[in-house]
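Q: Listed below, chain by chain, are the residues.
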Amino acid sequence: GQQVMQIPQYQHVQEGEDFTTYCNSSTTLSNIQWYKQRPGGHPVFLIQLVKSGEVKKQKRLTFQFGEAKKNSSLHITATQTTDVGTYFCAGWDFNKFYFGSGTKLNVKP
Amino acid sequence: DTAVSQTPKYLVTQMGNDKSIKCEQNLGHDTMYWYKQDSKKFLKIMFSYNNKELIINETVPNRFSPKSPDKAHLNLHINSLELGDSAVYFCASSQAGQGGSPLHFGNGTRLTVT
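Protein chains in written order, with the working numbering: chain G, 1 to 109; chain Z, 1001 to 1114.
Rather than coming from a laboratory, the hints here were simulated on the basis of the structure. Please read all numbers here as calculations on a predicted model, not as lab measurements. Hints are supplied without guarantee of correctness; some may be wrong.
Said to hold, decoys possible - DSS-like cross-link-like pairs, simulated, lysine-lysine; straight-line CA separation at most 27 Å:
| hint | chain 1 | residue 1 | chain 2 | residue 2 |
| --- | --- | --- | --- | --- |
| 1 | G | Lys70 | Z | Lys1041 |
| 2 | G | Lys104 | Z | Lys1071 |
| 3 | Z | Lys1044 | G | Lys51 |
| 4 | G | Lys36 | Z | Lys1041 |
| 5 | Z | Lys1041 | G | Lys108 |
| 6 | G | Lys96 | Z | Lys1009 |
| 7 | G | Lys108 | Z | Lys1040 |
| 8 | Z | Lys1019 | G | Lys104 |
| 9 | Z | Lys1071 | Z | Lys1040 |
| 10 | Z | Lys1036 | G | Lys59 |
| 11 | G | Lys36 | Z | Lys1022 |
| 12 | Z | Lys1044 | G | Lys36 |
| 13 | G | Lys70 | Z | Lys1040 |
| 14 | Z | Lys1036 | G | Lys104 |
| 15 | Z | Lys1036 | G | Lys36 |
| 16 | Z | Lys1009 | G | Lys70 |
Unchecked claim - Restraint-style ranges between C-beta atoms, simulated for each label pair:
| hint | chain 1 | residue 1 | chain 2 | residue 2 | range |
| --- | --- | --- | --- | --- | --- |
| 17 | Z | Leu1054 | G | Thr27 | 22 to 28 Å |
| 18 | Z | Glu1053 | G | Thr81 | 19 to 25 Å |
| 19 | Z | Lys1044 | G | Gly41 | 14 to 20 Å |
| 20 | Z | Thr1013 | G | Gly53 | 45 to 51 Å |
| 21 | Z | Asn1051 | G | Val50 | 21 to 27 Å |
| 22 | G | His75 | Z | Asp1018 | 42 to 48 Å |
| 23 | G | Thr27 | Z | Asn1057 | 19 to 25 Å |
| 24 | Z | Asp1070 | G | Arg60 | 26 to 32 Å |
Ideal Cβ placement from N, Cα and C applies to all residues, glycine included.
Go ahead and model the full structure; you've got the sequences and the hints to work with.
A: This is the structure in structure tokens:
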């Protein structure tokens, strides 16, 4: 069946360091979305990537969709304490989203 | 002003009881979902409804029964609660059953079964 794997599971960084989380699907995806869940909160939509090789930026966040549409990454430049949370990718295949296992980011001030 | 609201926020109950969680969205979306998030933070889809019709029913015990009286509401009833049902349950909605629409999540219901 469809699987979306996400690494790393945890990442601890010092404020100001960069952070990257990777998402890999066992099959080609129609699109991929990224969500952020703050501690105690609910997932909040960040962005959607649709095209092969697509790159999108949101301030310090850079999102990429692989050429084969089977992998994606989220890169945060110069992390801040407000970036703390769990980042999920969600791939769309057929009629549902398959969520990655999430990467929990902790930022030390 | 809340887009997707679910109640209650916390639910503590004993094994064997029956409980319900309610969800309402005021975004005018056609599709609503129930997701389960376990202690390891895995988000797993349980059900999806499009305009009151069930379109996704994952491998969920039949003790879980969703009901959608209209496209703005999706409730979840759980019979004979078990310890393993303890989790956070999120309701979500999207514009349509297509992959192009972001999911809007409710604040979650933390269910604890003792």
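Q: Against this structure, judge whether each hint is valid.
A: We went through each hint and held it up to the structure:
1. Proximity of Lys70(G) to Lys1041(Z) is assessed by CA-CA distance (about 22 Å); at most 27 Å being required, the pair is judged to hold.
2. Proposed proximity of Lys104(G) and Lys1071(Z) is contradicted: the alpha carbons are some 34 Å apart, above 27 Å.
3. The hinted pair formed by Lys1044(Z) and Lys51(G) meets the criterion: a straight-line CA distance of about 25 Å does not exceed 27 Å.
4. Between the alpha carbons of Lys36(G) and Lys1041(Z) the distance comes to roughly 12 Å, so the proposed pair stays at or under 27 Å and holds.
5. Annotation: proposed proximity of Lys1041(Z) to Lys108(G) holds, straight-line Cα distance about 21 Å (limit 27 Å).
6. Under the criterion of a C-alpha separation no larger than 27 Å, the hint pairing Lys96(G) with Lys1009(Z) is consistent with the structure, at around 26 Å.
7. For the suggested pair Lys108(G) and Lys1040(Z), the alpha carbons sit about 22 Å apart, so the restraint of at most 27 Å is met.
8. For a cut-off of 27 Å, the pair hint linking Lys1019(Z) to Lys104(G) is broken: about 31 Å separates their Cα positions.
9. For the given pair, Lys1071(Z) sits about 31 Å from Lys1040(Z) by alpha-carbon distance, which is inconsistent with the 27 Å threshold.
10. The straight-line distance between the Cα atoms of Lys1036(Z) and Lys59(G) is roughly 31 Å, outside the 27 Å bound, and the hint therefore fails.
11. Taken as a hint, the Lys36(G) and Lys1022(Z) pair is honoured in the structure, with Cα atoms around 24 Å apart against an allowance of 27 Å.
12. Our distance criterion of 27 Å between C-alpha atoms is met by Lys1044(Z) and Lys36(G), whose separation comes to about 16 Å.
13. For the suggested pair Lys70(G) and Lys1040(Z), the alpha carbons sit about 24 Å apart, so the restraint of at most 27 Å is met.
14. Distance hint between Lys1036(Z) and Lys104(G) is fulfilled; the C-alpha atoms sit about 18 Å from each other, no more than 27 Å.
15. The straight-line distance between the Cα atoms of Lys1036(Z) and Lys36(G) is roughly 16 Å, inside the 27 Å bound, and the hint therefore holds.
16. For the hint linking Lys1009(Z) to Lys70(G), the alpha-carbon distance of about 36 Å lies beyond 27 Å, and the restraint is violated.
17. A C-beta distance of roughly 24 Å is found between Leu1054(Z) and Thr27(G), which places it inside the suggested range of 22 to 28 Å.
18. Judged by the Cβ atoms, the range 19 to 25 Å given for Glu1053(Z) and Thr81(G) is violated: they are separated by roughly 44 Å.
19. Roughly 18 Å separates the CB atoms of Lys1044(Z) and Gly41(G), a value that falls within the hinted 14 to 20 Å.
20. Checked against the given bound of 45 to 51 Å, the beta carbons of Thr1013(Z) and Gly53(G), roughly 49 Å apart, stay inside it.
21. Between Asn1051(Z) and Val50(G) the CB atoms are about 24 Å apart, so this pair conforms to the stated range of 21 to 27 Å.
22. For the pair His75(G) and Asp1018(Z), the beta carbons lie near 46 Å from each other, so the given range of 42 to 48 Å is met.
23. The hinted range of 19 to 25 Å is satisfied by Thr27(G) and Asn1057(Z), whose Cβ atoms lie roughly 21 Å apart.
24. In this structure the hint that Asp1070(Z) and Arg60(G) lie 26 to 32 Å apart at CB is violated, the actual value being about 41 Å.
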